[in-house]
Amino acid sequence: MKGLAPILFAIVALAMVPLITSSNVVINFLVMALLIALVGQGWNLLGGYGGQYSFGHAAFFGTGAYVTAILQMRYGINAWVGFVIGIAAGALVGAVIGLLIFRAGLKGSYFALVTLAFAEVLRIVASVAPITGAGVGTLLKLDLRPEAFQFQSRALFYWIILAMVGLSLVLTRLIEGSRFGAYLVAVRENEDAASALGVDATMVKLCAMTISAAMTAAGGCFYAQYFLFLDAGIAYGPWISIEALLAPIIGGVGTVFGPLLGALVVKTLGEVTKLMTGDAPGLDLVIYGGVLILVVAFAPRGIAGLFADLRQRFGFSKIGGEGSRG
Amino acid sequence: MSRSTVTRRHFLQTSALGAAAAAGVLHAPAVLRAQGSAVKIGVLHPVSGALSYSGQQGRIGAQMAIDEINAAGGIKSLKGAKIEAVLGDAQSTPDGGNAEVEKMNAAGVAAVVGGYASAICLSASQTAARYDLPYVVDVGVVDSIVTRGLKNTFRFGPGFGIIAKTALDNLVTINEAAGKAAKTVMIVHEDSAFGSGLAKLLNAQLPERGFQVLETIPHPTPTRDFNNVVLKIKAQNPDIVIPANYYNEYVLLARTMQQQRVQPKGIYSVLGGAASSYKFVKEFPEAAQYIMDCNHWFDPKNQKALELKKKIEAKGDFYTYEVYMNYSCVLLLSDALERAASADRAKIIAALESSTFAGHVMPYGPTKFVNGQNQGAAPVNTQVLNKDIEVIFPAAFASAKAVFPMPKA
Numbered sequence: 001m002k003g004l005a006p007i008l009f010a011i012v013a014l015a016m017v018p019l020i021t022s023s024n025v026v027i028n029f030l031v032m033a034l035l036i037a038l039v040g041q042g043w044n045l046l047g048g049y050g051g052q053y054s055f056g057h058a059a060f061f062g063t064g065a066y067v068t069a070i071l072q073m074r075y076g077i078n079a080w081v082g083f084v085i086g087i088a089a090g091a092l093v094g095a096v097i098g099l100l101i102f103r104a105g106l107k108g109s110y111f112a113l114v115t116l117a118f119a120e121v122l123r124i125v126a127s128v129a130p131i132t133g134a135g136v137g138t139l140l141k142l143d144l145r146p147e148a149f150q151f152q153s154r155a156l157f158y159w160i161i162l163a164m165v166g167l168s169l170v171l172t173r174l175i176e177g178s179r180f181g182a183y184l185v186a187v188r189e190n191e192d193a194a195s196a197l198g199v200d201a202t203m204v205k206l207c208a209m210t211i212s213a214a215m216t217a218a219g220g221c222f223y224a225q226y227f228l229f230l231d232a233g234i235a236y237g238p239w240i241s242i243e244a245l246l247a248p249i250i251g252g253v254g255t256v257f258g259p260l261l262g263a264l265v266v267k268t269l270g271e272v273t274k275l276m277t278g279d280a281p282g283l284d285l286v287i288y289g290g291v292l293i294l295v296v297a298f299a300p301r302g303i304a305g306l307f308a309d310l311r312q313r314f315g316f317s318k319i320g321g322e323g324s325r326g
Numbered sequence: 327m328s329r330s331t332v333t334r335r336h337f338l339q340t341s342a343l344g345a346a347a348a349a350g351v352l353h354a355p356a357v358l359r360a361q362g363s364a365v366k367i368g369v370l371h372p373v374s375g376a377l378s379y380s381g382q383q384g385r386i387g388a389q390m391a392i393d394e395i396n397a398a399g400g401i402k403s404l405k406g407a408k409i410e411a412v413l414g415d416a417q418s419t420p421d422g423g424n425a426e427v428e429k430m431n432a433a434g435v436a437a438v439v440g441g442y443a444s445a446i447c448l449s450a451s452q453t454a455a456r457y458d459l460p461y462v463v464d465v466g467v468v469d470s471i472v473t474r475g476l477k478n479t480f481r482f483g484p485g486f487g488i489i490a491k492t493a494l495d496n497l498v499t500i501n502e503a504a505g506k507a508a509k510t511v512m513i514v515h516e517d518s519a520f521g522s523g524l525a526k527l528l529n530a531q532l533p534e535r536g537f538q539v540l541e542t543i544p545h546p547t548p549t550r551d552f553n554n555v556v557l558k559i560k561a562q563n564p565d566i567v568i569p570a571n572y573y574n575e576y577v578l579l580a581r582t583m584q585q586q587r588v589q590p591k592g593i594y595s596v597l598g599g600a601a602s603s604y605k606f607v608k609e610f611p612e613a614a615q616y617i618m619d620c621n622h623w624f625d626p627k628n629q630k631a632l633e634l635k636k637k638i639e640a641k642g643d644f645y646t647y648e649v650y651m652n653y654s655c656v657l658l659l660s661d662a663l664e665r666a667a668s669a670d671r672a673k674i675i676a677a678l679e680s681s682t683f684a685g686h687v688m689p690y691g692p693t694k695f696v697n698g699q700n701q702g703a704a705p706v707n708t709q710v711l712n713k714d715i716e717v718i719f720p721a722a723f724a725s726a727k728a729v730f731p732m733p734k735a
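Sequence order for the protein chains is A and B.
According to this note's numbering, the first sequence is numbered sequentially starting from 1.
According to this note's numbering, the second sequence is numbered sequentially starting from 327.
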């Protein structure tokens, strides 16, 4: 299938990393970057292709994480089964929130605000509800067996998250090339025109939100298995909503590789600034913020867009330069 | 129609560059630090983010102990090997703590000290457990830190269970001495592991001891406005307010209460982030006056503790609990290193397990670790009296008598 080869190349290339280095620092770093790429891909599907900028993807991330953790800890359900149910639960939350928002016809900044509100409500509920362990949080037992979805080797975790990112890339590419993808972009560009042509805009957005929520929830499930500890701030806190939208925006909104590129660049930038500033606490965050502003100012279509522009300017382009958000 | 603008070649070029840069950068510290025969110790604190003040204080304490040990000739059983700190910033998040422990492990540390917040301790000690890396928790009070069966994790200070019990026992004693002046209580707590866990314990145990809990108000960290919380307190008019939160929120709450002239019979905190902090007492003496706290505290009759206080204050820093707890934890670890006579992780763990370390500055009983928890650890009760912090309980360490109820201003 056209367009899948680059994904295969990228994933195979990344899969080689644990064979080259045995450093868990590098692996751990890449696991976090890939986690953000996965969550960001979820956001990108809805925000990049569908034009619905969500500020509350934490709602899905947290639901996936909590459902996986609670099923294991309270109901003794196998971690792998819990993982799948966690993703389904995230998708369900996405569908319900989507149904409420899209039926009410909320768009643009209202959509952003309401998604943020849902995430915050869930955060507050999780911080008091007994089933989530309230503020004390939920602690998964350290049980380093593959049956329990825990591995002694960080590399296995790495390959699993990489496979999930690979799947998300393939899925995004397939959607992009499908009728549904065309509807989604049509809705993004002009919802009224799309409706006039017979596209069921609400249904299209709802489907996108459900798939988007499932991807993000998968990230949450993975987080729970990897760190084995959750509290309301981690699961539903604004940090993950921000990471989810930062990666695709930096990488290139509405492009297949945008979230992956963005996550790698953002995380590398974070590490580099941290190392450069040595032991001066907080300075890294200042530099990090400054660089982000520069990136957004000079490459408003993200890194993917920047490359396209450069290619076009220096003329060695095929048909490049048709950025997604033109 | 949206087509990806990234070609295969471009993607591979950029990602290869990125990966190379990342790998190079991430490997750098290991190369820089691989020198000499010093014993490396990971010093992990949240020195940026919401908990940065406490994290920085903790780092000061750990650094102070390391400097003293090195000045006194290092670890003698290791031919005077110096202790080299590998500093880590957990950025006030559990995954930040996890990433730092990975780096410390790669840098070849013999043990890790710190964590501060419970959530960071939980995550960081678990990561350390993967490498059988000894982990000494400096503060983290949630009891699940030491009940997970992790062999590598040791907590020198007291946990929730013992702190809440001591706090309640002493509260009852103080209240009875005042003719049972107080009957109603309101709890204001931060909503992460520490504050919520404590609120839960208090809610369960206060009624058994004759107090009625009027309301329990959670708030996130950071919170930058307590007006509504204080209005609620004003409306309910409890006899005692029990705050359980970190430094900034505690100070803000106390000041807002002062501004709105809310004066209960007592402010009695359990692990109040600021209630026994010299910084708070110095900067806001009126808001701090008469506040009682059950918290970590140094032994006021210990010469070493007082000397350390002078040293820290001479540097212009405040002598807060993070400082002396980290100081004591590093000393505990260096004692274990001394007895293990090796930087081997398993030997250090064994030495910590059998530790009877007494050279610390805390008002604790004999050091004895059971499942990683120091059985001698205990909190004390303090009260802010005349711009100073006095110990009011237990009697063996007390420097003043409790003033309760608060005299009306």
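The hints are simulated quantities; they were obtained by calculation from the structure and are not laboratory data.
Take these hints with a grain of salt, some might be off.
[Said to hold, decoys possible] Here are the computed lysine to aspartate or glutamate pairs in the DMTMM-like style, where the Cα-Cα straight-line distance is at most 25 angstroms:
#: 1; chain 1: A; residue 1: K141; chain 2: B; residue 2: D458
#: 2; chain 1: B; residue 1: K477; chain 2: A; residue 2: E189
#: 3; chain 1: A; residue 1: K141; chain 2: A; residue 2: D192
#: 4; chain 1: B; residue 1: K526; chain 2: A; residue 2: E120
#: 5; chain 1: A; residue 1: K141; chain 2: B; residue 2: D393
[Unchecked claim] Here are some, though not all, of the chain B residues that point toward chain A, as calculated from beta-carbon distances under 10 angstroms:
#: 6; residue: D421
#: 7; residue: A445
#: 8; residue: L448
#: 9; residue: T547
#: 10; residue: P611
#: 11; residue: Q615
[As the list claims (entries may be wrong)] To spell it out: a stretch of chain A is covered by chain B in this simulated footprint if at least three of its residues, at any positions, have a beta carbon under 8 angstroms from a beta carbon of chain B; those stretches are:
#: 12; region: 58 to 72
#: 13; region: 77 to 91
#: 14; region: 231 to 243
Bear in mind that the values here come from a model prediction, so they are computed numbers and not experimental data.
Each residue gets a CB set at the ideal place from its N, CA and C atoms; glycine is no exception.
Results of checking the hints against the structure:
1. K141/A x D458/B: Given that 25 angstroms is the threshold and the Cα spacing comes to 17 angstroms, the pair holds.
2. K477/B x E189/A: violated (58 angstroms)
3. K141/A x D192/A: violated (51 angstroms)
4. K526/B x E120/A: The hint holds at about 22 angstroms.
5. K141/A x D393/B: violated (38 angstroms)
6. D421: The hint holds - D421/B has a Cβ within 10 angstroms of chain A, the shortest such distance being about 6 angstroms.
7. A445: holds (6 angstroms)
8. L448: holds (5 angstroms)
9. T547: holds (8 angstroms)
10. P611: Cβ of P611/B sits 29 angstroms from chain A, so the hint is violated.
11. Q615: violated (30 angstroms)
12. 58 to 72: With 0 residues closer than 8 angstroms to chain B, the region 58 to 72 of chain A misses the three-residue bar; violated.
13. 77 to 91: violated (count 0)
14. 231 to 243: Contact hint for the region 231 to 243 of chain A vs chain B: holds, 5 residues under 8 angstroms.
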